[in-house]
Every structure is written in structure tokens, then in C-alpha cells.
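As you go down the protein sequences, you meet chains A, B and C in turn. Under the working numbering, the first residue of the first sequence is numbered 1, with each subsequent residue one higher. Under the working numbering, the first residue of the second sequence is numbered 237, with each subsequent residue one higher. Under the working numbering, the first residue of the third sequence is numbered 590, with each subsequent residue one higher.
One or more of the hints may lead you astray.
[Said to hold, decoys possible] Restraint-style ranges between C-beta atoms, simulated for each label pair:
1. ILE736/C <-> ARG334/B: 51 to 57 Å
2. GLY680/C <-> HIS7/A: 28 to 34 Å
3. GLN87/A <-> TRP848/C: 45 to 51 Å
4. SER167/A <-> TRP848/C: 32 to 38 Å
5. GLU64/A <-> LYS682/C: 40 to 46 Å
6. ARG679/C <-> ALA527/B: 38 to 44 Å
These aren't lab readings, by the way, just hints derived from the structure by calculation. We put the beta carbon where it would ideally sit given N, CA and C, even for glycine.
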Amino acid sequence: MATLEAHEVIAGYGRTQIVHGISMEVDSGEVVCIVGPNGAGKSTFIKALAGALPVKGGIVRFQEIDITRLNQEIRARRGIGYVPQTQDVFPSLTTRENLAMGAYLCKKHELKIRQAAVLERFPQLKKVLASRAGSLSGGERKLLGIARVLMAEPKVLILDEPSAGLSPQYADIVRGHIRNLAHDGHTVLIVEQHAIEALEISDRAMVFVAGRKHFEGLAKDLLESEDLGQMFLGRR
Amino acid sequence: MSHYLYYALTLGVYFFVYCLLGLGYNLQYGLAGINNVANYSFVAFGAYLAAVTTLGPSNSLVQSYILGTSIAWPLPLLVGAAAGALTSLVLGFIFLLRLRHQYQAIVTLVVAQVIWLLVGNNPGLFNGYNGLAGVPQPLESVVNLAPVPYEAFFVGITALCALLGFAFMRRVVRSPLGRVLRAIREDESVASCFGRNVFWAQMSAFIVAGTMAGLAGGLLVEYLGAWSPSGWSPYEGFVVIAALIIGGTANNIGAALGAFIVPVAIYELTGFIPPFGPVNAQTIDAFRWIAIGIIVLLFLWFRPQGVLPEPRRRFRLVDRILVGQEPIPGKGLFLSQKMHGSDATSVVTDETK
Amino acid sequence: MSIFVASLGFGLVTSAILALAALGFTLQAGMTNVVNLAYGDMMTAGAFAALVGQSALRLSLWPALVFGGVIVALLSFVTNRLVIRPFVARGTKSFQMIIVTFALGIILQYVIVMKWGENFYAYRGLSLSLFKWGSFELSYEQLTIVIMSVLLLGGFHVLVRYSRMGRALRAMADDKQLARACGVNVARLTDIVWLISGALAGVSGVALAINAGSFNEIFGANFMLIVVAAAILGGAGEPNGAMVGAVVVGFAMEVSTVWIAGSYSEVVALILLIVAVLVRPQGLVAGRGKWVLAQ
Ligand SMILES: Nc1ncnc2c1ncn2[C@@H]1O[C@H](COP(=O)(O)OP(=O)(O)O)[C@@H](O)[C@H]1O
Ligand SMILES: [Mg+2]
Numbered sequence: 001m002a003t004l005e006a007h008e009v010i011a012g013y014g015r016t017q018i019v020h021g022i023s024m025e026v027d028s029g030e031v032v033c034i035v036g037p038n039g040a041g042k043s044t045f046i047k048a049l050a051g052a053l054p055v056k057g058g059i060v061r062f063q064e065i066d067i068t069r070l071n072q073e074i075r076a077r078r079g080i081g082y083v084p085q086t087q088d089v090f091p092s093l094t095t096r097e098n099l100a101m102g103a104y105l106c107k108k109h110e111l112k113i114r115q116a117a118v119l120e121r122f123p124q125l126k127k128v129l130a131s132r133a134g135s136l137s138g139g140e141r142k143l144l145g146i147a148r149v150l151m152a153e154p155k156v157l158i159l160d161e162p163s164a165g166l167s168p169q170y171a172d173i174v175r176g177h178i179r180n181l182a183h184d185g186h187t188v189l190i191v192e193q194h195a196i197e198a199l200e201i202s203d204r205a206m207v208f209v210a211g212r213k214h215f216e217g218l219a220k221d222l223l224e225s226e227d228l229g230q231m232f233l234g235r236r
Numbered sequence: 237m238s239h240y241l242y243y244a245l246t247l248g249v250y251f252f253v254y255c256l257l258g259l260g261y262n263l264q265y266g267l268a269g270i271n272n273v274a275n276y277s278f279v280a281f282g283a284y285l286a287a288v289t290t291l292g293p294s295n296s297l298v299q300s301y302i303l304g305t306s307i308a309w310p311l312p313l314l315v316g317a318a319a320g321a322l323t324s325l326v327l328g329f330i331f332l333l334r335l336r337h338q339y340q341a342i343v344t345l346v347v348a349q350v351i352w353l354l355v356g357n358n359p360g361l362f363n364g365y366n367g368l369a370g371v372p373q374p375l376e377s378v379v380n381l382a383p384v385p386y387e388a389f390f391v392g393i394t395a396l397c398a399l400l401g402f403a404f405m406r407r408v409v410r411s412p413l414g415r416v417l418r419a420i421r422e423d424e425s426v427a428s429c430f431g432r433n434v435f436w437a438q439m440s441a442f443i444v445a446g447t448m449a450g451l452a453g454g455l456l457v458e459y460l461g462a463w464s465p466s467g468w469s470p471y472e473g474f475v476v477i478a479a480l481i482i483g484g485t486a487n488n489i490g491a492a493l494g495a496f497i498v499p500v501a502i503y504e505l506t507g508f509i510p511p512f513g514p515v516n517a518q519t520i521d522a523f524r525w526i527a528i529g530i531i532v533l534l535f536l537w538f539r540p541q542g543v544l545p546e547p548r549r550r551f552r553l554v555d556r557i558l559v560g561q562e563p564i565p566g567k568g569l570f571l572s573q574k575m576h577g578s579d580a581t582s583v584v585t586d587e588t589k
Numbered sequence: 590m591s592i593f594v595a596s597l598g599f600g601l602v603t604s605a606i607l608a609l610a611a612l613g614f615t616l617q618a619g620m621t622n623v624v625n626l627a628y629g630d631m632m633t634a635g636a637f638a639a640l641v642g643q644s645a646l647r648l649s650l651w652p653a654l655v656f657g658g659v660i661v662a663l664l665s666f667v668t669n670r671l672v673i674r675p676f677v678a679r680g681t682k683s684f685q686m687i688i689v690t691f692a693l694g695i696i697l698q699y700v701i702v703m704k705w706g707e708n709f710y711a712y713r714g715l716s717l718s719l720f721k722w723g724s725f726e727l728s729y730e731q732l733t734i735v736i737m738s739v740l741l742l743g744g745f746h747v748l749v750r751y752s753r754m755g756r757a758l759r760a761m762a763d764d765k766q767l768a769r770a771c772g773v774n775v776a777r778l779t780d781i782v783w784l785i786s787g788a789l790a791g792v793s794g795v796a797l798a799i800n801a802g803s804f805n806e807i808f809g810a811n812f813m814l815i816v817v818a819a820a821i822l823g824g825a826g827e828p829n830g831a832m833v834g835a836v837v838v839g840f841a842m843e844v845s846t847v848w849i850a851g852s853y854s855e856v857v858a859l860i861l862l863i864v865a866v867l868v869r870p871q872g873l874v875a876g877r878g879k880w881v882l883a884q
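Start from the sequences, fold in the hints, and give me the full structure.
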């Protein structure tokens, strides 16, 4: 069953159209990776899915329900967890408060349980619970961003370049977490620049170029495909 | 009959003075994007200085003020203009160096209030809250005219000033400075990237605007014969802003049109409404302020560019070179190409509401 | 010495009123990024609403104060819904937003003039007795204002620091978009912010009128720049900063009267603001200064 489904989605900023009609599906429990060159419209596309940008055309369905016209907060409540590429935490709130914001819609006791579970998953955050998120390192911030979204127990997790700008070690840690999430049955839609590493943890992949989808298939096919690999993954 | 003629001429004086003010304000806000809410302090300085250089030495029994001399007309007007320029130069260092956007607007308001309080509380300066009075009208004894012809004569003086201001502004708008100012207004970070000195460009605009305001102040005090703190406040400044918003921001003819619509048609003409029934002078006054406020809101909502919008100017190659930017093939006009990070959530915020 | 102590007393009252007003101003500006130049006139509206409460509803002084707060809260809410929110939603530039609020203030002020003219009014039921402690003396109304202010500020602090809504408010001040992504109903919280801000404007307007003894159509507008001074001095958009700024400005204004003429106390406040803006734009309580930097 398709958890998240886009049909001929058009999106852009103001009058400039960036995404020119892209369709895709993310099935329950699947990890789908979007790769493509910088400026291809990957972020724009997933912003439109998450509701951070209005959908200018096409349809977005979530769990078989049309959510094209719903605003971002309603989509979040329905179970779409979105971690933007930058500005993914509230810098003046503490780590603990950031996590609480993730579970904004939960009852207090539920919040405690979820926080314990999330901290179990991200032990790195335990020692910075009382610090302001703005003072965390880039890697810690990214983990916090993901952890915050997990607090809501989303039905699909949308991550925009989670490893961008991180040190290699932290990028590995973040990818490790995503792998674990996938392993635990989470549904994940991920955008990545470091395509090879990302494809290795994905089931399926799509390649976006200039606002259009140029490839869709199994992640391992893309990894193995000669010409696509050359074109989009920078491999020779 | 001559009664109406006289009043029509009065309106003419206001029209041309507000044209000057509008043109100056258009330069600093419309073109240079300076957020000055308190443009009236410059008018006040111009008026005070023109007054004290006309009135002659201060006689503290009547009214006390500084710098009292009596110089031949039109020198007091020039002194007024110079006072506006000098005030702008000094205040420009406060307003333009570090402050942007809302901070800038607030600080202009605050500085104007400080000036207002200092002038009012220091009777030695310009006779405090009582203000200056008895300023003779220019060349009164020389031209020796009856009231109505003299009024026409004065309209001529203000019209001349306004025309000069208009011609000057036309040149400024088309000059390299005008282009640089527009570039800064559109995107300061881009303009400053390319090595233009944003501060001094804005400062020049500010000083020119201040000069015109000072001149307008000189004309006003020569016309009214008196000037006191009760005559200038942020609200008078609001009339100028309203005029520009309604007439057309960044459009010189729009500034003139606005000067006709707001200060003349709405503000002064409503003075003709005779009191009737429950309507007295005070309610009429309240009414016109409410009207100005509502019209400004309506314009900002339905026609934010004003009656006459900014003339479209293509950014030609010359302009790009001026700002030190090579044309990028296929990239269109660089000014419309904002510099985006890989993710520009901040730009998105308003769209998604 | 006794003049000094007395001025401390007045400083306390001025600070208390100023803190309420500055909190309302900075809260709304920080959360919504709109600098509301109608705020002073909303304070005036509160004072007149309380007057109506006294005359039409026969309220005594303190219920009238609450009434003023409620009326202005509603006024502020409606203003946001009818005018501010549509303008913001369409992406109106910050300077034009300032002009919008400026126009709203002028309209409000002259609506008051239509009804009440340009005259001075005073409330019924002001006791004339003084609370004395050495040369430190305050009227009972002033004392009540100080206590009320402390309670309200304390309550607000607890709300913002420890409640779920307070957390969401701070999150929203940080990043509206991300707050939405967390499922926060930003539009509703914005409504609440305008309600609180309006209530504080109304209450502080009545308190200011009580403290001054009489008020007219322009007394709130005249006070507004001092409110702004306190808000910016403390750190624009920082609720805690507004309180610190109010104390600094309030005491500076009153204590300066020991040395220089009372007519200059406003100048003292405003010059403090100018210096602060030029020297330490982030304010005393280092805030993010969001509302002043954003376009
Ligand atoms: N906030 C914005 N406003 C206008 N254009 C934008 C904005 N953000 C991105 N763009 C433009 O949209 C295009 C696609 O951007 P994006 O979706 O971020 O690409 P990707 O994530 O694939 O690198 C780019 O050309 C970029 O300049
Ligand atoms: Mg991207």
C-alpha cells in the first residue's frame, strides 16, 4: 500500500515553476532515495509533499487520502514527519524542549515515554538535553532534528539531505541511524547528495534532473547501472 | 470672489510646498529605500533657520532665539535648505550606517521626538513651545502688492522652487546615482557585493531629500509667518508619506499627484466644510485624519504602487557595468536573481500561509 | 536624599507600567514580526474603555481596569484578523507594515477624538491616601499597580517558560515554518499573541492613566516611544528583556529628575534607546532581535 503518493506534482516559488510534474510512490516500510544534481528541485518537491510549499498542480495522497490542499500543520498531525535541510531545530529552545515540540500534540505522560525511546535511539543527545539547540554541533543538531520528528511517531519520514555539511564521522552516524530506522520498519523518503552511501541503505531510488524525474527503479539497479552511475553519481 | 481666489492661491502654495517635500521623500524612500518615518524634522530645521535669519537679532523680551540676523531674501531660503542638508548629514550617520528596516524606521521616529523635545524645552533655541512668530513675508515691501496679487506672487515663488526640484529629481533618477540607489533598494547585499558604497549613496539621497525638506520648511515659515513645535509632529510627516503612497512611490509625477490628493484635496479642502449640527471644527479635523488613514490602508491593499507606479526601467548593460556586474548569459537580470542558499525557507514562509 | 528616595518610588511605578506595556509590545512584535505603531493608541483606547466601564457599567476602578484590558484585547484581535493578517499573508514589506500600523493608530486616535474630543479625563474612585515608608511614598493605587504588574509579569514568565503553549510560542518566535511542521497551529497562536498583547496594552494604558491622574486622546501615543525604548533596550522580541529594559528606562527617567528638569525625562529614555541601538543593537538581554532584522 502506498503510504505517500505524488501524482504529477507541480511546485515552485512565486511565479517560477521548479518542479514540472513529478509522480512517485513510497510504500509502507520502504526507504526511497531521491538523488540528482544541485538545483534539480529535490528540496522543492519534498517541501511540496510536506506542505512547506503550496502544491501548484497535481495531487498528493497520504494513506490513500488526498492531502493536496491541507496545510503543513495538518499534514504533520496526520503523520508526515519532515526534517528540512537547514533550520531543522529551534535554536533558542533546549534539546529537551525541541523534543517536546516534536511531540507537541501528545499528552504529557506519552511524551515521557516517547522521549525515553528516542533517547534510547540517540544516546548522543542525552548529555546535551539541557543545552540550547543553537549551541549544539552540526551533527548533534541534525540528530536532534531527526529525533524531534520521531517524537511525533510519523508514518513517513522525509529527510532533506540529512548528511549534508556534516563531518564524515557524523555523516556515518546519521546514515547508521537511518539504516536502523529502515530496519525497524519506518517508511523513509530521503534526499541525498552523497548518493552512493544513500543508495546503499535504500530500497528504491529516483533521479531528478531540472525538475523532472529521469529514472526510477531499485536502488541497487541505479548503483550498478553504468551510464546513470556515471551521470549522476560521479562514478567512472 | 477674491475670497475664493485667495484661498485657491493658498492651496497652490501648499501644493507646491508639498510637491517639494514629496519629491524629496520620494528620493529617499521611493528610490533609495530609506525607512524614514520622521521626515518632518528637516522641514522644521529649515523653517527655524529661515525664520531666524529673517527676523533679525533676538529681542528676548518678545521671543528669544539663536543666530538672529537679517539677510536679504532669498538667502534665508538657502539657509533653510542648508540647515536641512546639514541635519541630514549629521542624522544620516545615525540612521544609515548600521540601521535597517524596522529599526531604522523606529530610530528616525525616536530621533525626531528627541529633537522636538529639545527644541520645545529650550526656549533659548527657537523660543521653545511658543515658537517663532512675526516672520515677514519675502519682498513684501519691495513688490508692494495687495493681498491677492501678493498671494499669487508667493505661489509663483513656490512653483518655481517645485519646478526646480522636479527638474533636478528627473536628472537624479536617470543619473548613475539613481541607478545605484535602485540597485541598493532592490537588494542591498548584491549592490554592496559589487563594491558600491551603499552608505554614501544613500547618504547623498538623504542629504538631497533633507535639502528639499529644508527649503520647503523655509517656504512654509515665510508663508505662514510663524513656526512652533505644535506645527510639526510625526503626523505631519505621515501626510507626506501618505501622499507618496497614494500618488505613486518612486514616481516623481506620482509624488506631485499625491501632493495634490492628500495635503491639498483631503487635508486643506476639508477645511472648507462649514460646521453644522453636531459637526464642529474638531470633528472635521478628526474626520480628515481618519479619512487619510483609511485611504492609505485602502491604497496599500488595493494599489500599493500608488496611482502612478514606478516607471519600468530596463537594466541595461550600462547599469550592470556600473554596479560592476558582468551580464550572465541566460541568467536574466541579476537584480531579480536573488541569492539563494540551497534552501530558502525564509522566503517561503509567507507563501505557505 | 529624600528626593532621591521619592524618585525611586516613582521609578518603581513607572517601571511597573512600562514593563507591562513593553512586554505586550515586544511579545507581539517578536512573534509576528510586525512593529505596531498603533500600540500607544491602543493604550489610550484602554484608558477610555475603562472610562466607559466606569460611567456606563458603574464599575469601580479595578474592574474598570480589567474591562479596559478585555476591550483592547478584543480590539487587538480584530485588528489582526481584519488588517494585519491579510497584509502579512500577502507579503507586505516591513516599512509598509509600519505605515499600516501608523495609519491604524491615527484612525484609532481620531475615532477617540470624535467621541471624547481633545479634553482631559480622570477616573472616579481614586483614593488620595498615601502609603508611607520613610521618605518613600506611593499612593495606594500606585502600590496596587506595582503589585499587579509583578504578578502579571511573573505569571507571564511562568506561562512562557514552563507551559506547553509557552514553549510553542518560543518555538514560533524561532521559526514559524518549523513550528508548523511540528503541528503547531501558528495562526491560532498568533491570534492569542495579539489578544495578550492587546490586553497588556489596555491594562497598562489604564494603569498609566491612573498614575498620571488624568489622560487625553494622545497620552498613549506620547508614551509609546518610551515603551519602544524599553522593548528595544531589553532586547527586541525578548519578553524577559522587556522587563529589564522597562526597569532601566523607568528608573533612569524618574531618577534623572533629581538632577535635570522633569521635562527631559523622556529625552533621557529616548537617548538611552538611541545609544543602545547604536552600541548594543542586540539589547541588554541578548535576544535574537528577530523582528528588527527581518525584511
Ligand atoms: N526560496 C526560494 N525562492 C526562489 N527560488 C528558489 C528558492 N529555493 C530554491 N529555489 C530555486 O529552486 C531551484 C531548485 O532548488 P532546490 O529544490 O533547492 O534544489 P535541490 O534541493 O535539488 O538542490 C534552484 O534553482 C533554486 O535557485
Ligand atoms: Mg536541496
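Tested hints:
no.	hint	in the structure
1	ILE736/C <-> ARG334/B: 51 to 57 Å	violated (40 Å)
2	GLY680/C <-> HIS7/A: 28 to 34 Å	holds (29 Å)
3	GLN87/A <-> TRP848/C: 45 to 51 Å	holds (49 Å)
4	SER167/A <-> TRP848/C: 32 to 38 Å	violated (58 Å)
5	GLU64/A <-> LYS682/C: 40 to 46 Å	holds (42 Å)
6	ARG679/C <-> ALA527/B: 38 to 44 Å	violated (24 Å)
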